[in-house]
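Kindly generate the complete structure, drawing on both the sequences and the hints.
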Amino acid sequence: MNDLLTLDDHRLQRFADAVEASMSVYSRQQFFVWTQSALQSMLSHEILICGVRDGPGCGLQLQFFSSSRYFREAHFAVMADPLHGLVPRLLSVFNEIGEATILSEGLGERPSHQMLDALVAGNELRNLAARLIHGPGRQLEAVYAFARLDTLLDRRLLHAMNVLTPHVHHTYVRVLQQEHLQGQTSHAREPMLVTQRQQEILRLIQEGKTNAQIALVLACSPWTVKNHIQNILRRLGSNSRSHAISRAMSLGILRPD
Numbered sequence: 008m009n010d011l012l013t014l015d016d017h018r019l020q021r022f023a024d025a026v027e028a029s030m031s032v033y034s035r036q037q038f039f040v041w042t043q044s045a046l047q048s049m050l051s052h053e054i055l056i057c058g059v060r061d062g063p064g065c066g067l068q069l070q071f072f073s074s075s076r077y078f079r080e081a082h083f084a085v086m087a088d089p090l091h092g093l094v095p096r097l098l099s100v101f102n103e104i105g106e107a108t109i110l111s112e113g114l115g116e117r118p119s120h121q122m123l124d125a126l127v128a129g130n131e132l133r134n135l136a137a138r139l140i141h142g143p144g145r146q147l148e149a150v151y152a153f154a155r156l157d158t159l160l161d162r163r164l165l166h167a168m169n170v171l172t173p174h175v176h177h178t179y180v181r182v183l184q185q186e187h188l189q190g191q192t193s194h195a196r197e198p199m200l201v202t203q204r205q206q207e208i209l210r211l212i213q214e215g216k217t218n219a220q221i222a223l224v225l226a227c228s229p230w231t232v233k234n235h236i237q238n239i240l241r242r243l244g245s246n247s248r249s250h251a252i253s254r255a256m257s258l259g260i261l262r263p264d
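Remember, our numbering sits 7 above the position in the sequence shown when you count from 1.
Hint data in this document are derived by calculation from the structure and do not stem from the laboratory. Just so we're clear, the structure is a prediction, and the values are computed from it rather than from any experiment. Cβ coordinates follow ideal geometry from the N, Cα and C atoms, glycine included. Fair warning: there could be bad hints in the mix.
Claimed, not checked - For each label pair, taking beta carbons as the anchor points, the in silico distance ranges come out as:
#: 1; residue 1: T202; residue 2: E148; range: 34 to 42 Å
#: 2; residue 1: E148; residue 2: A84; range: 22 to 30 Å
#: 3; residue 1: M122; residue 2: Q20; range: 35 to 43 Å
#: 4; residue 1: E112; residue 2: G215; range: 28 to 36 Å
#: 5; residue 1: Q43; residue 2: R79; range: 15 to 23 Å
#: 6; residue 1: Q184; residue 2: I104; range: 28 to 36 Å
#: 7; residue 1: A84; residue 2: E112; range: 22 to 30 Å
#: 8; residue 1: H17; residue 2: L223; range: 48 to 56 Å
#: 9; residue 1: R18; residue 2: Q43; range: 14 to 22 Å
Written out as structure tokens, the structure reads:
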């Protein structure tokens, strides 16, 4: 069984390539491209959910990166629920098995395991491999969950998660730090990141409305709404509607529900 716990020469080269490629990642778009290219050779997945603590005493701020047409913002909203979502489910399993890396298959029949299985099965994730990152005092610092994996959830994958996820964490934190610096610069240079109309559209997106529904509310065409949303994504440095909402809340443009 030892061969399952080490990287052979071929996988070691792919690991080195992925780590080297991560060094040029400084934006969410670059992060998404990296996860869908260099990282795929060792962790072939369609969905990545990242959660990092926003500060002392704060909860994890979850974001997702997806190439799946099945996983939608409504599914992510379930994942992000602070009481019944992904993080509390993973922590329940972690507290029982005592392992920082959790695979959704073969966990067992305990209630916490069944609840995690139900969360995965009911929200288009198909399967899940998650790694918890702990800081000083064993405080949870971050979580990274890969879903719709195109591989066996076995000890080989477990080892890949253990060696790769710390690099995923460092890369994602670098992206967040770069965004913070850019946000500070943007505030100093341009007090209004979005127009009043775009802020109104953000609020409607936050309420879960589609482009067509927003167009009806604002008495304009869906194409106008689409153009506004593209401008919003560019201004906020986001690559999806959910990212834009999270970014807008962090910048004080929107208030949490």
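* To do: Enumerate the violated hints, using their earlier numbering and listing them in ascending order.
  => none
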